[in-house]
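There are 2 protein chains.
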Amino acid sequence: MKYILINIFFICLNISFAQQQDSLFIKKLYQTSLTQGHSYENLRELCKNIGARLSGSSEAEMAILWSKLKMENYHFDTVYLQEIKVPHWERGTKETAWWQTDKQKNPQKLHILALGGSIASDGLLSGEIVVFNHLDELKKADQSKVKNKIVLLNQAMDPTFINTFSSYGACAGIRFSGAMEAAKLGAKGILIRSLGLPQDQHPHTGMMAYNDSIQKIPAAALSTEDCNRLATLASKEKVTVHFELDCKTLPDITSYNVIAEIRGKKAKEIITFGGHLDSWDAGEGAHDDGAGVIHCLEALRLLKSMNYQPQHTLRVVFFMNEENGNMGGKTYATWAKSRGEKHIAALESDRGGFAPRGFSCDGSASHIDWLKSIAPQFKAYELHDFEKGYGGVDINPLKKEFPEIALFGFVPDSQRYFDLHHTEMDVFETVNKRELELGCAAIASFVYLIDRNF
Amino acid sequence: MKYILINIFFICLNISFAQQQDSLFIKKLYQTSLTQGHSYENLRELCKNIGARLSGSSEAEMAILWSKLKMENYHFDTVYLQEIKVPHWERGTKETAWWQTDKQKNPQKLHILALGGSIASDGLLSGEIVVFNHLDELKKADQSKVKNKIVLLNQAMDPTFINTFSSYGACAGIRFSGAMEAAKLGAKGILIRSLGLPQDQHPHTGMMAYNDSIQKIPAAALSTEDCNRLATLASKEKVTVHFELDCKTLPDITSYNVIAEIRGKKAKEIITFGGHLDSWDAGEGAHDDGAGVIHCLEALRLLKSMNYQPQHTLRVVFFMNEENGNMGGKTYATWAKSRGEKHIAALESDRGGFAPRGFSCDGSASHIDWLKSIAPQFKAYELHDFEKGYGGVDINPLKKEFPEIALFGFVPDSQRYFDLHHTEMDVFETVNKRELELGCAAIASFVYLIDRNF
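Protein chains in written order, with this note's numbering: chain A, 2 to 455; chain B, 2 to 455.
These are computed hints drawn from the structure, not numbers from a lab.
Possibly wrong hints are sitting among the right ones.
It does not matter which identical chain is used: a pair holds within one copy or between any two.
Stated by the list, open to error - In silico DSS-like cross-links for lysine-lysine, where the CA-CA straight-line distance does not exceed 27 angstroms:
1. Lys148 x Lys217
2. Lys373 x Lys389
3. Lys331 x Lys141
4. Lys28 x Lys389
5. Lys185 x Lys150
6. Lys331 x Lys269
7. Lys217 x Lys49
8. Lys104 x Lys380
9. Lys400 x Lys49
10. Lys148 x Lys380
11. Lys249 x Lys217
12. Lys49 x Lys150
13. Lys237 x Lys28
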């Protein structure tokens with residue numbers, strides 16, 4: 002009995018010592034990020050020297066080269082490109098829209114952005130608009146009401162969700178399937194209400210889908226203010242909309258994920274963390290997802306700067322093509338499987354560079370228990386949100402290949418994200434230096450704890 | 002025994018029913034704030050139609066009239082002004098500074114703002130600068146090093162505190178007592194490093210103090226970038242600084258706190274909540290503290306919009322003169338005492354209009370226990386921070402008059418506050434609509450819970 006008690010005493014002492022060691026290490030990570038961080042200047046370079054970087058664009062290519070060089074200059078153990086094939090859609094140069102009524106014959110400008118993947122309009126597309134306030138309304142509509150018209154799908158994101166990703170999730174179907182549903186009923190084009198919470202004149206682009214068995218029609222996002230105005234007008238009189246898009250889909254093209262590693266003692270056991278290097282072609286992809294890739298790059302740099310010798314291989318992946326195909330994430334997962342690696346955990350940062358609130362876990366009950374168990378380590382850093390939840394689009398395919406893997410999502414504050422998401426407003430200036438640095442430190446600390454505990 | 006168990010059962014049922022009722026009420030407050038809120042447009046009016054409103058200024062007077070009219074239009078039970086005397090300091094129209102060295106003879110502009118309460122420079126003040134990196138260094142300095150020079154007190158806010166109010170608190174002494182310490186050693190003027198975290202060219206003003214037994218010297222805040230440059234230069238060569246201020250202190254002037262009430266069943270038992278209507282004269286006082294007064298006005302409006310009949314009198318106070326004298330807060334406390342009122346709790350919002358994180362409590366152990374007990378009601382709204390802490394400058398004098406009172410502080414995210422605080426950057430555009438609305442709902446919910454539980 003005495004020996005058992007002595008053993009328990011020493012085990013407790015060890016745990017407490019380990020926690021204290023972790024706590025000091027995490028403190029140092031935060032201090033380094035906040036006083037000698039590279040994240041803000043790296044994000045500035047990516048946003049200002051390169052800018053928007055849609056898959057297949059020359060800017061995406063530049064971003065790949067920039068990332069690889071940056072990683073090499075940090076002297077990680079390994080830096081390499083992983084070849085992938087990505088879709089290649091281009092917005093083109095014509096993208097205009099306006100409206101007219103019998104009373105208002107002068108054309109009035111509308112603020113649009115073609116949806117990613119949309120076909121061109123083949124010259125000017127003109128038609129009466131028909132307004133639906135919900136995707137379900139459109140689905141149930143009578144063909145006679147829609148045929149040969151331009152659908153305005155004016156479903157608004159619900160502002161009463163506290164986390165704005167929930168509002169987005171509940172509404173994103175209008176962008177994804179609006180064109181298919183409208184085309185089924187004979188519409189000749191569709192404008193969807195931008196997936197953004199503010200009432201303003203900034204359209205939000207994003208991915209849409211076609212179905213080969215349904216007519217393809219041009220599709221664009223309209224600013225929320227324009228939507229409000231058109232919907233009000235159309236409730237009183239006939240409104241004609243004209244729009245032109247000359248976007249096009251080119252053949253798939255070669256591109257790359259960019260990868261950097263610090264090898265662990267168990268070199269074939271991998272912790273992947275990353276974001277996506279591609280962005281939409283409006284703005285600079287600062288929050289989506291410049292912040293995410295910079296978070297992870299900086300996290301690896303911070304760990305290296307403290308001479309941390311990991312148990313597992315720490316691998317940062319800058320995924321390509323999250324926005325319109327997820328070929329980076331899909332290719333990475335099958336490649337990882339084919340290499341016979343063991344993937345124990347992956348983390349993604351793809352919710353912006355805002356003040357950290359916590360981490361979510363898409364994994365087993367014991368993974369979620371572990372997540373909750375580390376919450377106290379983060380209380381002093383004002384992270385409180387440690388719950389079951391989504392990991393991320395890029396890391397999601399790993400689940401199929403490695404059913405035992407724990408996927409984690411970095412959770413920053415969500416309130417401002419859908420002011421900017423997929424718009425020309427998503428620029429470097431909207432990222433706050435401290436908020437970004439705190440995110441880097443949180444992710445470095447989290448990866449450290451995975452490495453120590455898994 | 003059976004009866005006791007039945008009683009316990011019904012008590013539990015009641016508690017659970019009450020919690021459910023609270024939970025539904027809070028949900029409705031949030032929904033109303035987020036979908037039919039007035040806060041953002043009210044803040045826009047205050048910032049854009051009036052702007053900065055330093056005590057004693059005509060803008061402060063306009064803000065008082067605007068606030069009273071706004072409250073009257075909401076048809077609260079009572080709206081009135083409470084007369085107070087406030088200091089009246091004016092910045093004047095001359096506020097320039099530049100530096101020169103033997104090598105750089107062309108005058109180079111510096112970015113300064115006179116500190117609140119500073120005397121004028123009586124024409125151009127010129128002198129060699131002597132740099133101190135900490136207030137303690139200045140205190141210990143030899144008189145010969147300082148005499149007839151201009152002190153540059155270059156103590157930086159420590160970025161490694163996670164909550165930026167801690168960084169501010171640890172450094173604010175340089176602004177408050179820098180001039181007194183420098184004057185003791187014979188300095189003829191002082192420039193202090195701005196109390197802001199970013200490296201930029203925006204000086205941060207704020208209150209300073211003199212002591213009648215020590216020579217008064219002119220004092221201004223210098224931008225952090227200018228501080229860095231001057232400190233580097235001065236470590237290598239002699240740097241001369243010239244500056245001119247024509248600010249002045251005028252006789253005290255009559256002003257007002259603006260008050261609105263919904264009478265409770267126990268009319269003489271008061272819950273006070275408010276912010277301060279005055280602001281510094283740079284920027285528009287959007288976060289400091291336009292957001293705070295609007296938070297509380299909107300909270301009262303939200304409660305009224307739901308026909309809430311409070312137990313206690315709910316009193317919103319727009320305090321005047323928090324920034325340079327706190328005469329609003331001091332006068333309010335003694336006036337409240339003299340009226341024989343019972344003050345059970347007070348809440349202040351004076352930390353900006355950022356995303357809510359929680360509430361702090363300056364009160365007894367049982368008050369803090371109560372605060373922690375309500376935390377679960379706020380979890381779904383992403384508030385997690387329910388800890389012992391400061392209430393606020395305006396409500397603080399209530400503690401002396403009502404030793405039993407519980408003081409609470411609204412705690413929003415602190416990361417961006419000291420980018421803007423007391424600068425020309427503190428403008429309406431930096432306040433996010435949702436973040437502001439969430440703050441209003443959080444405060445309305447909190448006041449509701451105090452009213453129900455106290």
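Hint check:
For a Cα distance limit of 27 angstroms, the shortest separation of Lys148 from Lys217 inside one copy, 14 angstroms, qualifies, whereas the shortest one across copies, 81 angstroms, does not. Taking the shortest alpha-carbon separations for Lys373 and Lys389, both the intra-copy value of 9 angstroms and the inter-copy value of 24 angstroms come in at or below 27 angstroms. For a Cα distance limit of 27 angstroms, the shortest separation of Lys331 from Lys141 qualifies neither inside one copy, at 35 angstroms, nor across copies, at 64 angstroms. In the homo-oligomer, the alpha carbons of Lys28 and Lys389 lie at most 27 angstroms apart both inside one protomer (26 angstroms) and across protomers (23 angstroms), since each shortest distance falls under that limit.
In this homomeric assembly, Lys185 and Lys150 come within 27 angstroms of each other (Cα to Cα) only inside a single copy, at 12 angstroms, whereas the closest approach across copies is 81 angstroms. With identical chains, the CA atoms of Lys331 and Lys269 are at most 27 angstroms apart within one copy only, with a shortest distance of 20 angstroms there and 67 angstroms across copies. Taking the shortest alpha-carbon separations for Lys217 and Lys49, neither the intra-copy value of 36 angstroms nor the inter-copy value of 47 angstroms comes in at or below 27 angstroms. Taking CA atoms no more than 27 angstroms apart as the test, Lys104 paired with Lys380 passes in neither setting, with 61 angstroms inside one copy and 52 angstroms between copies.
In this assembly of identical chains, Lys400 and Lys49 lie within 27 angstroms of each other by CA distance neither inside one copy nor across copies; the values are 35 angstroms within and 52 angstroms between. Proximity of Lys148 to Lys380 under the C-alpha cut-off of 27 angstroms is found in neither arrangement, the shortest distances being 57 angstroms within a copy and 48 angstroms between copies. For the identical chains of this complex, Lys249 and Lys217 are intra-copy neighbours only, at 13 angstroms inside a copy versus 71 angstroms across copies, given an alpha-carbon limit of 27 angstroms. With identical chains, the CA atoms of Lys49 and Lys150 are never at most 27 angstroms apart, being 41 angstroms at best within one copy and 43 angstroms at best between copies.
Taking CA atoms no more than 27 angstroms apart as the test, Lys237 paired with Lys28 passes in neither setting, with 62 angstroms inside one copy and 35 angstroms between copies.
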